[in-house]
Amino acid sequence: MSDTYTLYNPTVMEHFMNPRNMGDLKDADGVGEVGAAACGDIMKISLKIKDGKIEDARFKTFGCGSAIASSSMATELIKGRTIDEALKFSNQEVVDALGGLPPVKIHCSVLAEEALKAALEDYVKKHPEAASQVGAVSAVAA
Amino acid sequence: MSDTYTLYNPTVMEHFMNPRNMGDLKDADGVGEVGAAACGDIMKISLKIKDGKIEDARFKTFGCGSAIASSSMATELIKGRTIDEALKFSNQEVVDALGGLPPVKIHCSVLAEEALKAALEDYVKKHPEAASQVGAVSAVAA
Amino acid sequence: MRQVFLDHQSATPLLPAVFEAMRPYFTEAFGNPSSLHHHGLRVRDALKQARQQMAALIRADSEEEIFFTSDGTESANLAIKGVAYANERKGKHLVISATEHPSVMNSVEFLEKQGWTCTRVGVDSEGIIRLDELQAAITPQTVLVAIHHVNHDIGAIQPIREVGRICAEKAVPLYVDCEASAGWLPVDVKEFGAALVSFSPHRFYGPKGVGVLYRNKKARLVSIIHGGVQEGGRRAGTENVPAIVGGGVAAAVAVTELDSRAKHVAELQARLWEGLRSKIRFIKLNGPEPGPKRVPTNINISTEFIEGEGQLLMLDHQGFAVASGSSCVSKSLKISHVLGAIGLDHALAQGNIIMTLGKDNTVEDVDYTVETFARIVTKLRGMSPMWDEFERGVIDSVIAPTGRGKSFSQHAADVSGKPAH
Amino acid sequence: MRQVFLDHQSATPLLPAVFEAMRPYFTEAFGNPSSLHHHGLRVRDALKQARQQMAALIRADSEEEIFFTSDGTESANLAIKGVAYANERKGKHLVISATEHPSVMNSVEFLEKQGWTCTRVGVDSEGIIRLDELQAAITPQTVLVAIHHVNHDIGAIQPIREVGRICAEKAVPLYVDCEASAGWLPVDVKEFGAALVSFSPHRFYGPKGVGVLYRNKKARLVSIIHGGVQEGGRRAGTENVPAIVGGGVAAAVAVTELDSRAKHVAELQARLWEGLRSKIRFIKLNGPEPGPKRVPTNINISTEFIEGEGQLLMLDHQGFAVASGSSCVSKSLKISHVLGAIGLDHALAQGNIIMTLGKDNTVEDVDYTVETFARIVTKLRGMSPMWDEFERGVIDSVIAPTGRGKSFSQHAADVSGKPAH
Ligand SMILES: Cc1ncc(COP(=O)(O)O)c(C=O)c1O
Ligand SMILES: Cc1ncc(COP(=O)(O)O)c(C=O)c1O
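Heads up: the sequence lines are chains L, Z, E and D, in that order. Residue 33 in our numbering sits at position 33 of the first sequence; the count goes up by one each step and never skips. Residue 124 in our numbering sits at position 124 of the second sequence; the count goes up by one each step and never skips. Residue 51 in our numbering sits at position 51 of the third sequence; the count goes up by one each step and never skips. Residue 396 in our numbering sits at position 396 of the fourth sequence; the count goes up by one each step and never skips.
No lab work stands behind these hints: they were computed from the structure. Small disclaimer: the values here were computed from a predicted structure and weren't measured. Do not take every clue at face value.
Taking lysine-lysine and the DSSO-like style, the derived pairs with C-alpha atoms no more than 30 Å apart in a straight line are [stated by the list, open to error]: (1) E/K379 with L/K79; (2) D/K217 with E/K113; (3) D/K334 with E/K218; (4) L/K26 with E/K218; (5) L/K79 with L/K53; (6) E/K217 with E/K284; (7) D/K406 with Z/K125; (8) Z/K48 with D/K379; (9) E/K217 with D/K406; (10) E/K334 with E/K379.
Simulated DEER-style distance windows between Cβ atoms [claimed, not checked]: (11) E/E88 with D/T139: 26 to 34 Å; (12) E/Q410 with D/A56: 50 to 58 Å; (13) E/P186 with D/T27: 23 to 31 Å; (14) E/R161 with D/G232: 39 to 47 Å; (15) D/Q49 with E/G343: 39 to 47 Å.
C-beta atoms are modelled at their ideal positions from N, C-alpha and C, and glycine is treated no differently.
Work out the full structure, taking the sequences as your base and the hints as a guide.
Laid out in structure tokens, this is it:
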């Protein structure tokens, strides 16, 4: 049956079928869109940031099940974090929180990390006043 | 079951299981023993000849089922024939009378022909007086 | 949950009659056909009957032209390498189409490493081989032409009689991979002018574990799996007797049911494509329209702005089994080379879904599929940044261009910093 | 008629539990393991379990070291050619024993045509490999040593641990063909020091249609059947799911029953040989005496002055299934190369019979076999000119020479005008 035999583990499947934070944020403070050339996945993350903290996050993803689940999980994890914390975010957190991804799909979690960082970078570009708080951004994004 | 699925056809099997003319002839007039180098088969045919006619024939064979069946059938066929007729004997008669042999086993019937001819040759050697009747022997045996 | 199986290209359930035919060969008639005692001879007889049944399916003259392998892949390997090695002194050039199955493509690649050369003949946008290119590709060094009858991905039926005529003129043996057609379309080795033909009963309700290779006696072929002298010295190894027996019965049933099966799936195929096209915008059929140029089992579509694996997973979750040629579903992370060969846009290749019909599918299955699939497309487009960007005029549709925005490939290259393919 | 099956080397009936395990995979769980939907994933899980069961039988660390092929022959081809091709740049020399199965011998011959060289290491008169010769045969160019665990014809158990030690010292991977031992003798890939091990469940009450290749992750191996990326890219082609599942269950049963099966057949083996030797004159056991150097399933005898096929046929007619290494039973009309390698006299090789015991054979079977066989020997000797000539002192016995007469070979040469071998 469909529930017993699935390509991904139940957590991944649950995030794929019922993704959290799907959509766009009106008046987002930062938006990042990244793509994986080989696989054709495209991921977009929008952030609402207030007082150096991520208040809200949304994603849209063109990609496979694990790409959708990864963006769902990444936006879940990142909410409430400070920019500094968010800059240290690693794809491994997504993999762990999802209870693992097939080896060939790890790049989906990397894409989620990249989309998040692109969104933070966009935020800093649009909010130069925040640059002091997020000194590390350019280093990371370089 | 053993009767339904056999390596050879029922005629061959019958001649193998119940060979005709098996044994040696006391006071044979001609005995021929031939062998096939490759396969290791050895076949011996003894003949009783009277008035230029084969009165009786016996065989002994070291060899596979089709070698035994071929010698049984060859001795059956040859009985009652004149020496001249016997000299024209061909392995194909054995194959036909047996209702066919697997291609790889045709050489067994050839061996039977050879054993018969060797026995006839032996007869002529031992009975030079019969040479006139059997002018063709040396040509055939050569 | 209601189950709709639309992946008959990858698997078919065993016919009950086939299972019953196989059953005695597991425990009762368990002999080895190489044995000389009655246990062996009994199964040897059974293999002979299966050979006759296979020969009848493809209208071969004699069961002695039928060799058993383990699957369609091995049959293709044997055809390609077995002919190449047998004719090494004559020449070391092969000709294949650009859309052959990987079992052919990769056999050829292996030979290329060993010093052979190969010309891959292109196909048109429907996936039909270019006969003029084929004609030009054959050289005096060519020892084999390999053109499949029907393509596994897009269902395109190749003009095999014409191919056969060209090969006959040039006196080069033709190998026709009939894996995607045998049991569904008539195959006639003589009409095809084929020296070799392969197929596999697991594609038409027979068992896994057996492949068939027909070889015309005039074609030279050496073995590629070495050992004992099973299969007339062309394939060593203990024969998979139950599967061979079952495959023979599946072939016999296919001979009698071929026309009715083909008619049934052709009706469903037309209805399925009509339903999808009318309910879903920005959807494209890959390969020829349903009709004489397309195998009646296959529908291959690209749905724009969404990716194939997601579609497949959501369909699976709803009880629908389908396949996809998207790069995300392949272990190699590459799109199907067939979609590449017909020049399909990369974005459309990513949105690929393959539905293959079988004799047990119904009109209700088809309507239910269209309805469910339309809902899934809406859901996935709602999640897709591409759909949003298309609606906002940032990127354009390939299927129905609006004249606004850049291409998906350009956009993907912009966001990833690298070209999309 | 009473049936006594004494050809377990060529075939074993399926265990009922194995058949039941396979059954759902024909019609219900008929999916293709490459599919991403639940039909495919379900059978993928089943394959994983079968891999674990296979790994357990040979004490491999991980199921990821298990690859499925179609039979023992293909596994041997993959081991030999797959390692040879993978290490082509390192060297092109192989070492095997002179008594390997044809699947090994002929794979090597094929490679020899492609530029490889091979040293065939001799065996003693019992069929045990000469370790000093092996040691000397390995060169810096050697990329693989292939020595079987147990010989298929004469049941000789090779000193694999010593072979493994030599290979480890020389840092050359060792491939051990365990087709004639797995399921009957303990196989431990690590104790053996084996980089590759092959076997096939049809030899221990599993189904035909599946072979197993264990490969230690450190050993380089490329695929020889090309196509899709099944089996971790090591074997393309649709997996034979029911057979793999059944093979796994057969392996699991073998793990638990190995000791009792081995003990049972060892008792029968001793009784059979004791019975034959005491009832029949001029009979010889080929290979080691029953005991630690001989697999407990196998009795290989030569009965002097009569030929093997005839013995086999008469036994079959009485309901007994056996095999023979005589040239008359082989399609190539050659005696088994194993009998040649142990230096067996040609006449004795012609009189060869192989009886292989199974778990369902009984003491009564054995006694009945001895009795029937003795009668058949008498009948055939009565028909044999050789027996007569021996009695008359024209030719001598090889087994118990009397000092009178010439050898069979000399006699055969004399009557045929050509040497006997
Ligand atoms: C056209 C074609 N050729 C060859 C094959 C390989 O056959 P098998 O899966 O039996 O190994 C396939 C399998 O799908 C196919 O579609
Ligand atoms: C020692 C040995 N290796 C390999 C094989 C070949 O295995 P299969 O018959 O499964 O192809 C056999 C078969 O009898 C064997 O005995």
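Query raised in the report: Going through the earlier hints one by one, which of them does the structure break, listed in rising order?
Result: 4, 6, 9
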